Structure formats: C-alpha cells, structure tokens
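> Listed below are the residues making up each chain.
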Amino acid sequence: MPRSGCILLCVVGHCCFVPERGSFSLSFKSLAEHHDPQTLIRTPPPVRVNSDVTQEVSSETVDTSQKDTQTPPPLRSLLTRPVLVTIANYSTLSLLEMTAVALIPLIWSTPVEFGGLGLSPVSIGLGMSLYGCMGGIFQFAVFPRLVARFGLRWVFVTSVAICAVIFAMFPLENLVMRHAIGGRPNATLWLLIFLQLWSLSIHKMGFGKFVILQHSSAVRRRLSPLRNYAIRQALCLCMSVLPRPRTSGR
Amino acid sequence: MYVSSATPPNKRSLGTVNGFAQSVAAVQRTVGPAAADSLFAFSVTKNVLDGNFVYVVLLSLVCVGLSIAAQLPRHVWVHGGR
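Going down the list, the protein sequences come from chains P and L. Counting with numbering that gives the first Met the number 0, you get residues 0 to 249 for the letters of the first sequence. Counting with numbering that gives the first Met the number 0, you get residues 0 to 81 for the letters of the second sequence.
Next comes chain L alone, as it looks inside the complex (with noise of 0.2 Å):
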C-alpha cells in the first residue's frame, strides 16, 4: 500500500507491486503464528534456555525487523520528476 508512493513510473505496474506485497505479507502472516506457536512448545518440551529459547529467537527477529525498518528514508518516496 505504501508501495504505491514508491513504485517506478509505470502507474500500470501499482497493481503488480501491491499484489505482489500482499502476497509476500500474506506469507509471513502465515509462517508466523504456526512457527511462533511450535518454537514455544518445542523450548517447553526440550527445556532449550530453560524453555526461554523462543522468546530469544523472537528478540532476535525484531532486531531483524528494525534492522530492516532503518532502510526507510525520512520522507515519503517520490519518483522523479513526478
């Protein structure tokens, strides 16, 4: 949805870039609960870290996350001239 504030200069290609956004979002919206739920059980039953290994591995992904989230410029794309 932002996508569209950074797409090239083709406003046919909007659909193809949003499209293809929802669809990497919709699989990790699907990855996410089922791997969060089956690395909790899995540090609880093996007792990893005192059954504290998920909690680690999850502080880890938002530090991926806000890794990623610096890449954002201070202002909203424009593409030139436009």
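Bound conformation, chain P alone (with noise of 0.2 Å):
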C-alpha cells in the first residue's frame, strides 16, 4: 500500500473516533497542528507489524470502509506498565468504594446481637444523606487544596487507606452498641459514625483525581475533543455513582 494512502487512511480513522460529531473539525485541526510529522509518518508501520498474516490477507480483498476498523492496534499491545497499573488502581478504588457504600446501609440494619447496629431506616437516611453533604463539600472546597499542598500520588493512597477505618469501624461501633443502655444509640456511636462518613467522604476524593488529571493532561495538549471527552466521563461516573447510595439506602 502506498504511503500515501496509509496518511489518508490514518487520518480517516482519527476523524472516525472523535466521540462526538460537533467537534470533527476540531480535532481534525488538532490533528494538523500537533500530530502532523510524527504521527501521521509513524502510526502505520504498528499496523504493519502488529497485524498477523490473515489480517494482511483480509486486509487485500476488504473495501476501504472495512480497513478502517482494522487500523488500531490490537489491544494487548496497548497494554504496557502505566496503563496497566492505572487500570489497576482504578479499578481497586471502584471495588472498595461500591463495597464500603453497599456494606453501610446493610450494617447498619442489621440487628445487634448479628453484628449490627439495628438503626432505623430515619437513621440510616440521616446518616446516608450527611455523607452526601460532607463529600460534597469536600470534593468543592477541600479537596483542590489537598492536592495543591500534597500532590496527586498522596491524595490517591490516603483515598486507599482511609477505605480500613471506614470498614474497622463496623465491628467497633457494633461494640459500642452492644454496651449501650438500653440497647439506644448514644453520643459515641454517633461520633463513629460521623468518623465512617467523613472517611468515605476522603476516599471519594480519589475518584476525583481521576477527573483532574484527565483534565489537565487534556488542558496541556490543548486538545478540546479530548477535553470534551474526558468532562463527559466525569459526568458518566458521577451519574452511575450518585444513585447508588440512594436506592441502597431505602
């Protein structure tokens, strides 16, 4: 194949991928702008060596249009150190965050003598509806600082490790509860509870550290589409996060 149609095909395929139709010129000035030499000379040969004998095959009898799916590359070539260990990390903070706000309602329902706190649903509704206040006001007016002051990696860890006072709080309050007068709870389950809340609300943060660093690697390349892109997926989680708590804490 020509060189030059491997330019035109490369360049069909970025204008294929743009997430959104709005933005086609956009990116396709971006293109022309940061990608010209480089990319536009050094994506194709990856296809080329990536691409196993029955693609170049294929690749010969299949129209342009049928080309053009197959220029990415493969996904295990995509998957080097750092995306791995992103991935990873990401995926960890998902994991402990869904597990800490499916295990609170749950907890707290369950009767005493189960290792529970026995709450009522009023409770538990006044204690699900003060972390949403306390995250809120977190990720808005504390958050920016902390990373400012200690730096992204610092944010993400304590997010990490904030998730085991937030579960050795269970059993803890579970103790307090059954030494309670008259099984009623008092000023120090209160207080343990306000301490779980206020480290779910600190472990939220790090979701946020995903949002800013795609945020500002998009400002850095001055990439709009990507910009775009990357404030419609801080919008997507905190669609799929937000309801969560509420169905969960009925």
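No lab work stands behind these hints: they were computed from the structure. Since we're looking at a predicted model, the values are computed, not measured. Among the hints, erroneous ones may be present.
Claimed, not checked - What follows is a list of derived Cβ distance ranges for each label pair:
{"no.": "1", "chain 1": "P", "residue 1": "Trp153", "chain 2": "L", "residue 2": "Asn51", "range": "43 to 53 Å"}
{"no.": "2", "chain 1": "L", "residue 1": "Val23", "chain 2": "P", "residue 2": "Thr187", "range": "34 to 44 Å"}
{"no.": "3", "chain 1": "P", "residue 1": "Ala186", "chain 2": "L", "residue 2": "Ala69", "range": "31 to 41 Å"}
{"no.": "4", "chain 1": "L", "residue 1": "Leu58", "chain 2": "P", "residue 2": "Asn185", "range": "21 to 31 Å"}
Claimed, not checked - So the derived list for chain L, only partly shown, Cβ under 10 Å to chain P, looks like this:
{"no.": "5", "residue": "Phe19"}
{"no.": "6", "residue": "Gly31"}
{"no.": "7", "residue": "Gly50"}
{"no.": "8", "residue": "Leu57"}
Just so it is clear, CB atoms sit at the ideal spot from N, CA and C, and this is done for glycine as well.
Please dock the two separately framed chains into a single complex, following the hints provided.
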C-alpha cells in the first residue's frame, strides 16, 4: 500500500474516532497542528507489525471502510505497564467504594446481636444524606487544597488507606452498641458513624483525582475534543456513582 | 480516564484503553457489593471469627489496594516526545 494511502487511512481513522460529531473540525485541526509530522508517518508501521498474516491477507480483499476498523492496534499491545497500573488502581478504587457503600446500609440495619447496629431507616437515611453533604463539601472545598499541597499521588494513597478506617468502624460501632444502655444509640456511636462517613467522603476524593488528571492532561495538550470527552466521562461517573447510595439506603 | 495521560502514542488507542478501563471497573462494581454482602452474611451465619471474618477480608483488600497504589508514579506519566 502506498504511503499516501496510509496517511489518508490514518486521517480518516482519526476523524472516525472522535466521540461527537460537533468536534469534527476541531479534532482535525488539532491533529494537523500537533500530530502532523510524526504521527502520520509513525502510525502505520505498528499496524503492519502487529497484524498477523491472516489480517494482512484479508485487508487486501476488503474495501476501505472495513480497513478503517483494522487500523487501531490490538488491545494486547496497548497494555503497557503504565496503562495496566492505572486500570488496576481505578478498578480497585471502584471495588472498595462500592463495597463500602453497599455494606453501610446493610450493617446499619442488621440487628445488634448479628453484628449490626439495628438502626431505624430514618437514622440510616439521615446518615446517608449527611454523607452526601460532606462528600460534596469535601470535593468542592478541601480536595483542591489538598491536591495543591500534597500532590495527587498522596491524595490517592490516602483515599485507598482511609478505607481501612471505614471497614474497621463497623465492629467498633457494634461493640459500642452492645454496651449501650437500653440498646439505644448514644453519642459515642454517632461520633463513630460521623468518623466513618467522614472517611468515606475522603475516600471519594480518589475519583476526583482521576477526573482532574484527565482534565489537566487535556488542557496541557490543548486538545478540545479530549477535554469534552473527559468532562463527559466525569459526568458519566457521577451519574453511575451517585444514585447508588440513594437506592441502597432505602 | 487518567489513562489518557499514560496511553501509548497512538491517539486512536485512547478510546480502546478507556473503554477497557471502564469495563474492568464496571465488573468490579458489579462484583463488589454482592461479594461483600454475601461475605458478611456468611461470616455472621457461620460465626467465622465471631462474625468478624468479613472485616479481615476487607482490610486485606485495602492492603492489596495500597500495594497497587504504591506503583503509581510521583508525577503524571508523559510518554516520550509528546
């Protein structure tokens, strides 16, 4: 295949992968500005190298529209160490967050003799709404300052480590509840619950870190479509995460 | 999402890697609550470690998460030349 064909294919492929149509021209412009000399020449060889013989044969027989789908490199070649570490971190954070958010209503509503707190639905709802307020305030007021002062890595490690506090609070709360007079929630229990929710709010900041990293990298490279994409991703994340405490806190 | 700063040179691979990361995270989000709730029920009904078995497992999960988080670099990855 002649080189000009490769370049055309590459450009078409780039434009096809723009997430929304409105940013078509923007992406083309940014491509021409930032990626022109190196990318266009450097992009085709990995395709040749990574595709095996059968792909090579089939690509000769299919038409151009089908070739576009074959130009991205295979997934296996993308899984370099930075990507793997990032994905592992993101998924671990998701796992911990969902575990904590699922356990809180369950354990709070379980009777005291089974290791729970035996709280009423009203108290659980109050606690979860308190968590919502604290999470919002933290993201808005505290998170930027912490990142500016300590850096993103520190914030992320903290948000993972604070999960230990969240999980360790459950047996402590149960212990307090067992020794409470008349089996009614006392001030110590509310203090522990507040600490637990506070830890959960800090833990939530880890997700903010992912968003801010994406945002900063997009700004640095002045890629508008990428920035749109980042904001959309953040919105998707918020929408997928936020309804969860409300539904499971019933 | 953070992946975008760490992805390989090809811009088109961004969507692939992002989608892959979201899929992995979605699987974890599906498995997490079910596994944790079942583990709590298991440790309470079987009275494993006085019903505290679930917390031991979760704390060790936090340790695994910390060891993964320690792999993160001090600065954002910037792949060569760009």
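> If a hint holds in the structure, say so; if it doesn't, say that too.
A quick look at each hint next to the structure:
no. : hint                           : in the structure
1   : P/Trp153 - L/Asn51: 43 to 53 Å : violated (31 Å)
2   : L/Val23 - P/Thr187: 34 to 44 Å : holds (40 Å)
3   : P/Ala186 - L/Ala69: 31 to 41 Å : holds (38 Å)
4   : L/Leu58 - P/Asn185: 21 to 31 Å : holds (26 Å)
5   : Phe19                          : holds (6 Å)
6   : Gly31                          : holds (4 Å)
7   : Gly50                          : holds (4 Å)
8   : Leu57                          : holds (4 Å)
When held up to the earlier numbered hints, the structure conflicts with hint 1 and nothing else.
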